[in-house]
Amino acid sequence: MVDLAPLPPRLSPFAALFAATANDPNPGVTLSARSLDQVQIDCATDRADRIALPLPAPGRAVSHDGMRLISLAPGRWIVVKADAPDLFDRVRDACDGSAAAVVDQGHGRSCLRLSGPNARDLLVTGTGIDLHPRAFAVDDAASTALFHVAAILDRRQGSATFDLHMARSYAAAVAERLIAGGRQYGVAVTS
Amino acid sequence: MILGRLKGVNAFRLPTGGEIDRRRALSFSFDGKSYTGFQGDTLASALLANGVTLVGRSFKYHRPRGIFTAGPEEPNALVELRQGARREPNTRATMAELFHGLEATSQNRWPSLAFDAMEVNDLAGRFLVAGFYYKTFMGFPGWHFYEQRIRAAAGMGRGTVEPDPDRYERMSAHCDVLIVGGGPSGLAAALTAGRSGARVILVEETDGLGGRLRSERETIAGRPAMDWVARTRQELDSLPEVQTLTRTTAFGYYDDNMIGAVERVADHMPVPPDHVPRQRLWHIRARRVVLATGAIERHIAFPDNDRPGVMLASAVRSYINRFAVRPGRRAVVVANNDDGYRTALDLAAAGVEVMRVVDTRPAGTSDWRVRCEAAGIDIQDGAAVTKVHGRLAVIGCDIAPLDGSDRPRFEPCDLIAVSGGWSPAVHLHTHALGAIEWSEGRAAFVPGAARQAHASVGAARGTYGLASSIAEGFEAGAAAAEAAGFPTASRPEVPATDEPGQRPIRAIWATGDGKKRFVDLQDDVTVDDIALAHREGFVSVEHLKRYTTLGMGTDQGKTSNIIGHALMAEARGEPIPQVGTTRFRPPYTPVAMGAFAGGDRGRHHAPVRRSAMHDWHAANGAVFVEAGHWLRPQYYLAEGTPDGKAAMDAAITGEVRAVRHAVGLVDVSTLGKIDIQGPDAAELLNRLYANGFKTLAVGKARYGLMLREDGIVHDDGTTSRLGEHHYLMTTTTAHAGDVMAQIEWYLQVVWPELDARACSVTDQWAAMALAGPKARDVLAAAIDDGTDVSDGALPFMGVTTARIAGVPVRIFRISFSGELSYEVNAPADWGTHVWEALMDAGEAHDIRPYGTEAMGIMRIEKGHVTHAELDGRVTLDDTGMGRMASSKKWFVGRGMLDKPAFTDPDRPKLVGLVPVDGRTRIPAGAILVEDPAAAVPMGKLGHVSSSAYLSPTVGHPIALGFVSGGLERKGQTVWAVFPLRKLAVEVTITDPVFVDPQGDRLRG
Amino acid sequence: MIRITCPHCGPRDQDEFSYAGDATKTRPADPAAASAADWHDYVYLRDNPAGPHLEFWHHVYGCRHYVKVLRDVTSHAVLASGRPDETLEAGE
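If you read the sequences in order, they're chains Y, L and X. Plus 1 on top of the position in the first sequence (first one is 1) and you've got my numbering. Plus 9 on top of the position in the second sequence (first one is 1) and you've got my numbering. Under my numbering, the residue at position 74 of the third sequence is numbered 69, and the numbers go up by one with no gaps.
Rather than coming from a laboratory, the hints here were simulated on the basis of the structure. Please read these numbers as outputs of a predicted model, since none were measured by experiment. Positions of the beta carbon are idealized from the N, C-alpha and C atoms, including for glycine. Take these hints with a grain of salt, some might be off.
As the list claims (entries may be wrong) - Pair ranges (Cβ atoms, derived):
(1) E579(L) <-> D42(X): 41 to 49 Å
(2) D25(X) <-> T191(Y): 52 to 60 Å
(3) P75(Y) <-> G1008(L): 44 to 52 Å
(4) A636(L) <-> T0(X): 34 to 42 Å
(5) A45(Y) <-> G708(L): 26 to 34 Å
(6) P23(X) <-> T704(L): 22 to 30 Å
(7) A615(L) <-> D87(Y): 35 to 43 Å
As the list claims (entries may be wrong) - To give an idea of the interface, some chain X residues facing chain Y are shown, with a C-beta separation under 8 Å as derived from the structure:
(8) D10
(9) Y14
(10) R22
(11) Y56
(12) G57
(13) C58
(14) R59
(15) H60
Looking at chain Y on its own, in the form it has when it is part of the complex (with noise of 0.2 Å):
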């Protein structure tokens, strides 16, 4: 067995761009890069009773063990977690076998968070569902579109939180467009 060389730190779609933004010391809103593992479960609607996970319903997302679980369409979920290497396997022995396609999407998607007092006035700009806290509460999900680009929203614990996963190609230039709209209310970024 020869050495490996360990895993090099992985490198972030919004590093250069967050690099090169300056913050507002007074942010109405606030964007967060977030390194996630994040693994995808696809399995037909009738086998998903196999699989030993808390699934959430269609439009929802639910937290777990450190895991976040969210509903992409019926039958799809993705599961992400920080510093997790392990989450590949733990989800697809969870998996009963075939019951389900496990697909590894830790670096397909990126990840941003969105808060602060005027994170919704900002989304709002790029994204045509109903993001009012009557229409989409705390753990609500939505896969829609935000600045043309397909985007899974997930609204989190606060009073406006909102993680957004997005195809890592995509994911610089919906940021670019979150800063340059949120630059009117304060802006800052954080790696």
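Fit chains L and X to the known structure of chain Y by using the hints.
What follows is chains L and X alone, placed relative to chain Y:
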């Protein structure tokens, strides 16, 4: 030119009253001359306060024009605002809020406003009547020569040609109740809807709430009506779910209860504050809509009714009461309803001498009239204006009894206030396909049945009384909230108002006679034009509109349409509802294109897609090219090399040579990647691809071609078997999205019984192809877990996993360039680490990164097809790959393969092309013909699909194309012609594979 | 812009969907047994009714499922929507 008036600082400003802030003076300029106005003015009110009444020239006849209204319906006072990149033509002076330093310029005049050379059009008016274009220039030789000049003479303002420096933003909003209009009925609706707890949005076009109450001397509960407005606003602001948007015009009512609105965030400022958008475009989804859009006053078409100084009566009251401006010193008021009396009283109160109220109705009485009489104002019944004196400004008018019982009598005046009654603003109601009905009592069209979830209230419904408007608002707001699921308490009590009794309107549309009785002031449509249209048979309102241009200006005929339609009804001898009216279309008022574009402009015109190695490419000299949404390195320039044609050619040549002779590395992350799993995955692939996939072994890749249902080639790519029930499909960059959608279509709709799941993993993997004779050496050196990549362990079309720089990667031995090549896939966040590791390992062999140009040249050298060949028109046989189609199975598209068009022997087929002279470039897209000198239209043999204008390997330009008969013509010469660029190149037809036809290199 | 109710995601703007064709057409179940005329009919022939029409829309920006929609093409009114295998009838 002095306009016959005293010039001075705000000589026409009233000492007290109005909404203006006299402590905040604002300087501005009009046609280069400086003036002063106050905070709260519009450009129109500030001009009037300074005695400026001539502000523009008319569209066709270049007649002098003044300020006609005080609102969005303004047909005359259109000016250019601002300078440079922010110059905006055709803005309504009546809606432009004054700011310090505002620069406005009159338009459509030359050389100056007071002396306009094109005013000869007015004298030539008898030649420029309705239908002038059609009659004069139909079939006229050289029409385009004249068209340019006529359009210049009849132009509007000048737009800027510079890029718009401002930001625009699109906002999406949802609410239970949307209320359009912040006048008394809209405020009342907002109050009851808001109190229910429903989510309410109230949009108001102007800068403040109150609507007509800002311009009238009404009282509510014994106090000025604006006190009630202020109290109501205070309560609305305290309700957390009520959002009030001022300076916001709801311009269109669209399908499924969506209202488009534009918010003018910063148009009242010299420039927008940093980072703040100039305007926001709102898409509002409402469950219920209350239309409280008010009504628009109309005029009466009397001779020369367009002279500066003729003004709508409601505008006169606005200028007096809201802006504290006297719009004249001596006024004549002419009306067919009691608003004439109301206006006369306001004029008198403002110190304007009211010469006479001319009531077109026969003698009668009302509370309003009694008040007028008590104020000592002269009233003449049953009379009309028959002539206006003055050209650049009104100096008087002739008044005569309608029955001809007396001769016209001159009345000196500089202001003629006219009211022809009100038209409810049914625009949004009709956008939503709501019906309209003629109300004889109001002499107006009023809203009928709604098609979507909306109701009209107040003046928009033809309810002109204040108390009744408020009552309707209370009711409609509550009803809308309840319909949206929010129970409401009992209706609030309607406050007491002081409303004198009125006598009903008696419609009259035109008086006097003469050529220049204007119906549509913006389009210079006269009473005579309507009559002419009628005589010539254009009697339907839709024909009338197009023949005369009635209502086709930027104001969409807000003040004029009904007059024109009523005159047509008179001419036809039919009632107005039978003649009908044209349908209003969005937008209600003009909307800047920038607002529609929002943030989707410039670099963000479409979302930008970047590979995981993008920043490395940028730091290492890459020149990027757009490929769909992707940005891809086109070629790499050495540090310090300026870009240019020669530098580009040198870079591309160097990149191709590196790959052909040593090794190169290219980013292929853009290829589509689809993960397919399940017991039926193999069956799915076997149905999707034209060639067989059931025999593909684990650890192997296979090239596949898929067709559309109509038998045309859809896409190609390699698919690898990663496990027993696990495959990875790749697609071309261009078709990644639609191949994924097709697979979803078959799995969800056509073959739901197949036990297979597919998902896109394009973004999960950064992909790079290491190609060239030294590729294996470099790969082996980069691998750090000892994985064997020798030809025996990893043969052509083999697949394995390994670690490079600590990163777990997948390695596919496949080739697009025709060289020994490995495609390495790494999890995207580590893509750059793996890329750098390969570049480091290749340093000993002078590895070069290469871009899409070198890649494209090498695939053309190899005769590999891509989307340029697979363009949605070609069959497998056309590409020379017909043999690949399996005869042992059924696959998508097979059902169409035998159709006669596909088996026609003359179909163009894939060939190679080289220039006969060995050096001339063959333009891609050129048409292949036998003889470029033949008379057009000449027969077409095919076309050039891809061109390598330089091929470092072959030594001269080469191309791929499709030619009728295909390789049967091998060795023949034809011509590649490109008539738009006047190019014709003689080319020889060759094999499409120019390099290594046996494939020894890639198997090496 | 119309709104389409996705059976999985709820009502969404039309621009989240891409039109995916006539839902009254059924692909020949046994392709080998289908005649040239059957394929011609499936691939090329479409009715163009003025009024309610069954269509597929692909919820590309949402759940990526195909949705069957009954839409009045003269008014744009979406009369019903559901999964691809559902039978749709007009009515709220």
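Hint check results:
Our hint of 41 to 49 Å for E579(L) and D42(X) holds, since their Cβ atoms are close to 47 Å apart. A hinted range of 52 to 60 Å for the beta carbons of D25(X) and T191(Y) is consistent with their spacing of about 59 Å. Here the CB-CB span from P75(Y) to G1008(L) is close to 46 Å, well matched to the stated 44 to 52 Å. Restraint check, A636(L) to T0(X): a C-beta distance of roughly 36 Å satisfies the suggested window 34 to 42 Å.
Restraint check, A45(Y) to G708(L): a C-beta distance of roughly 28 Å satisfies the suggested window 26 to 34 Å. Restraint check, P23(X) to T704(L): a C-beta distance of roughly 26 Å satisfies the suggested window 22 to 30 Å. Restraint check, A615(L) to D87(Y): a C-beta distance of roughly 39 Å satisfies the suggested window 35 to 43 Å. Among the interface hints, the one on D10(X) holds; its C-beta lies about 7 Å from the nearest C-beta in chain Y, closer than the 8 Å criterion.
A hinted interface residue such as Y14(X) counts as satisfied when its beta carbon comes closer than 8 Å to some beta carbon of chain Y; here the least separation is about 16 Å, so the hint is violated. Nearest Cβ of chain Y to the Cβ of R22(X): about 21 Å, over the 8 Å cut. The hint is violated. Given the 8 Å rule on beta carbons, the hint for Y56(X) holds: about 4 Å separates it from the nearest Cβ of chain Y. Checking G57(X) against chain Y: minimum C-beta separation of about 5 Å stays under 8 Å; hint holds.
Because the beta carbon of C58(X) sits about 3 Å from the nearest beta carbon in chain Y, less than 8 Å, this interface hint is met. Interface restraint check for R59(X): the shortest CB-CB distance to chain Y comes to about 6 Å, inside 8 Å, so the restraint holds. At a threshold of 8 Å, the smallest CB-CB gap from H60(X) to chain Y is about 6 Å, leaving the interface hint in force.
Hints 9 and 10, counting from the list given before, are not met by this structure.
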